[in-house]
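Knowing the structure of chain A, use the given hints to seat chain B on it.
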Amino acid sequence: MDIKSIAAKYESYVIEMRRHFHAHPEVSLHEVETGKRIREELTKMGVEWRDCGTGNGVLATIRGAKPGKTILLRGDMDGLAVNEETGAEYASQNPGVMHACGHDCHTAMMLTAAQILKDMKDELCGTVVLAYQPAEEVAVGAKDMIADGALDGVDGCFGIHVWADVESGKVSLEAGPRMAAADQFMIRVKGKGSHGAAPHQGLDAAVAVAAMVANLQTIVSREIDPAQPAVVTVGRLEAGTRWNVVAEYGSVEGTARCFNADVQEHLKSSIERIMKATAESYRVQAEMEWITLVPPTINDAHMSDLAAGAARKVMGEDAPVLSEKTSGGEDFAYFMEKVPGAIALLGIRNEACGATWPQHSGHFCVDESALLKGAMLYAQMAADFNAE
Amino acid sequence: MNFKNAAEAAASYIIEQRRWFHQHPELSWQEYHTTDKIAEELTAMGYEVQRFEGKTGCCALLRGGKAAEGCKTVALRADIDALPVEEKTCLPFASENDGVMHACGHDGHISMLLGAAKMLMDSKDELYGNVKLIFQAAEETCHGAEYYVDAGVLDGVDAIMGQHIWGTMESPYMSFQAGRRMASCDNFTIKVDGASTHGTTPHLGADALMGAASILMNLQTFVSRNNNPLNPLVVTVGEMHAGQRFNIIANHAEMYGTVRTFDPKFRLEIEANLRRIVENTAAALGLTASVSYEYFCSPIINDDDQLTDIARKAAVSLYGEEALADLPMMMSSEDFSYFADKVPSVFGFIGSRNEAAGLTASNHNDRYSVDESCLHRGAAMYAQFAADFLEANA
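Protein sequence lines correspond, in order, to chains A and B.
Mapping the first sequence onto our numbering, position 180 (from 1) lands on 390, and the numbers just tick up by one.
Mapping the second sequence onto our numbering, position 328 (from 1) lands on 354, and the numbers just tick up by one.
Certain hints may be false.
[Unchecked claim] Facing chain B, from chain A, some residues (calculated, C-beta under 10 Å): (1) A390; (2) Q427; (3) V430; (4) S431; (5) P439; (6) V442; (7) T443; (8) R467; (9) E547; (10) P550.
[Said to hold, decoys possible] From chain B, some residues computed to sit far from chain A (all C-beta separations above 12 Å): (11) D62; (12) T69; (13) L87; (14) M236; (15) L242; (16) N244; (17) P258; (18) E280; (19) F288; (20) R293; (21) S318.
Worth flagging that the hints you see were computed from the coordinates, not collected in a lab.
C-beta atoms are modelled at their ideal positions from N, C-alpha and C, and glycine is treated no differently.
Isolated chain A (complex conformation) (with noise of 0.2 Å):
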């Protein structure tokens, strides 16, 4: 079962599919037309699907001829509220939306792998779940595909994502952290006004809120183990109405990182208790608002393993490299979080054809030849983990 020589012939499938979803790129839980035409595509190569999550995800399965074990692969395929600024002559055609995080590639990748695996189905062991996935930017898809009945059955699973910071025909497959667990926080103090000539009849919201946010930074500087990456952000503050106004209400927004789930709980409790105890020492009143976006992306040891021995496979035997873990989130890991999986970072960074710019950048693109093999790579994974 040779996936290099049939995938050949899918060379310019890939890159056509990449073009189009490229031109017309949709924002999260608005992909309909991507669906749309995700469905067509396996309509026409004779691959089974269904609606799967949020009404626009698309869950398609391929039965091998041969018994064994059942691998989900996900792609996602949600663009971004960025403008286009690459100039490309298959660029964006809805202003003010762009792929700039390569969901297109995946989407393209993911069909590419549907023709390959149906194409060699004789062979195949098993079963393989295609997940098309929206609304990843918004940490919402693979939740609701998840709901959906996406891994029933499942034994495992595997993603991709294009990687700006790895070579074009290299990948990253590294066991262990790979994207951060995020959180965000929303926390309201409400104090009492008073005339700013006055303060001591009033109850200084503004004072509270600057207090919480420098107790806030001894959560990472001192209470969480150095060796383990942390980060607490307030990104927005908010206090009172007119300069002249002791502010009665106050706010701050943030987020959380972190590559560890009980230090994803750690960085929540510790929060919460220097919101109270802040609060209490000003005599200010204090409620948080506490959203879990993503858990850790922690690649499984052994799907690495084979991950990477399938790249060796089809992109050569020095296609692994090592890269850092990043502190972006990725929803793949509630996938990650109920069957063992891995997150592949697939190399697309190439000077040669100026694709150096960084991810979510207005200028992004990518080496276009890394596609097939990031198509090969999913479906050498599938073959290779449902055959064990």
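Using the frame of chain A, we list chain B on its own:
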């Protein structure tokens, strides 16, 4: 050559030595009896001992029987000083020096290296080069090793190995891992000056105590806001003094702290950042502040693949694959780095914890004691590493 059996035969000697040193701990640069005793033991084994005039600590060189021209010299290092800790172990060989204790396990290091000295002397005919034994004083000062480097103990040395017995790692495991092992250690003193006045008239003074408190809070932001979260960094102010009396506004405050990290380039950027925070916070409060910043140990990073590999293989040949355990990198420091800055090096850890025997206190704790069976294994590691290194580079 395999030192497993020789180490078992030497175990009772090693334990006897450890107990003697444990009972007679001496503080940094005061290891007079300790040095005499080490020299006495080495002399009895047939070594010629090198002493340092006016200083504690000693060295000895063993010339191998198969040492050809241009052969290598490998150094083995043990530190020998104790800590100002009141011992609470209740051991029959507990410290006889009140308020001083071998709470960091350097008694174990001395006895391990003496055990290795014995074994290496016994098999010197089979060594393909020379072994230099370094018994170093004053590790706990963060820069005792600097003296010996300046005194030239590494002249003609091609590689050095050191190890620490470790209270959080279960015996019989040991760790010889590549990469970051222990952090750099740089210390700072901050002095804040204001103006004193009566505590009821703060507006007539400039409060240095409040300044110190603000400086400490603002220093937190260097770790939490300026540092890359993927880069391990600790900034601790461990000691702070301000003012004289409850009803006097403080005119002076002093803060003492330490900085730990791993990246050599980043390490040199820290001082300027601390100065920025300290000086500007003081200025904002109408105070003046000064920072004195002292550079001590570099990080311990096992970056010589050949040496790490020799150490790991030595451990496996002695005690099997299962002997090697993973010990996460630590933010604590080791002045072994002064040696490692000069010659290729490897540094390892020998687990001394034994939960079943109730030996669970960590290093520097007043109840720290070790599973003594780890000591002959540590001795075997010293000897095996030296022999294997010399053979591999003959």
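For B:D62, which was marked as not at the interface, is the minimum beta-carbon distance to chain A over 12 Å? For B:D62, whose nearest Cβ neighbour in chain A is about 41 Å away, the distance exceeds 12 Å, so it holds.
Supplied contact hint for A:S431, tested at 10 Å Cβ to chain B: Because about 4 Å separates A:S431 from the closest Cβ in chain B, which is inside the 10 Å limit, the hint holds.
With 12 Å as the threshold, tell me whether B:P258 passes as away from chain A on beta-carbon distances. Answer for B:P258: violated, closest chain A Cβ roughly 5 Å.
At a threshold of 10 Å, is the proposed contact between A:T443 and chain B supported by beta-carbon distances? 8 Å, holds
Assertion that B:L87 lies outside the chain A interface [Cβ separation over 12 Å]: B:L87 clear of chain A: closest Cβ-Cβ about 39 Å, beyond 12 Å.
Is the nearest Cβ of chain A still more than 12 Å from the Cβ of B:N244? The claim is violated: B:N244 sits with its nearest Cβ about 8 Å from chain A, within 12 Å.
Find the nearest Cβ of chain A to the Cβ of B:F288 and say whether that gap is larger than 12 Å. 10 Å, violated
Reported absence of B:L242 from the contact zone with chain A (all CB gaps over 12 Å): 10 Å, violated
Evaluation of the interface hint that places A:A390 against chain B, nearest CB under 10 Å: 9 Å, holds
Would the hint on A:V442 stand, with a C-beta cut-off of 10 Å toward chain B? Status holds, d = 7 Å.
Given hint A:R467 near chain B, where the shortest CB pair must fall under 10 Å: 7 Å, holds
Does the no-contact call for B:M236 survive, Cβ to all of chain A over 12 Å? Nearest chain A Cβ is 14 Å from B:M236, so the label holds.
Of the numbered hints stated above, those contradicted by the structure are hints 9, 10, 15, 16, 17 and 19, listed in ascending order.
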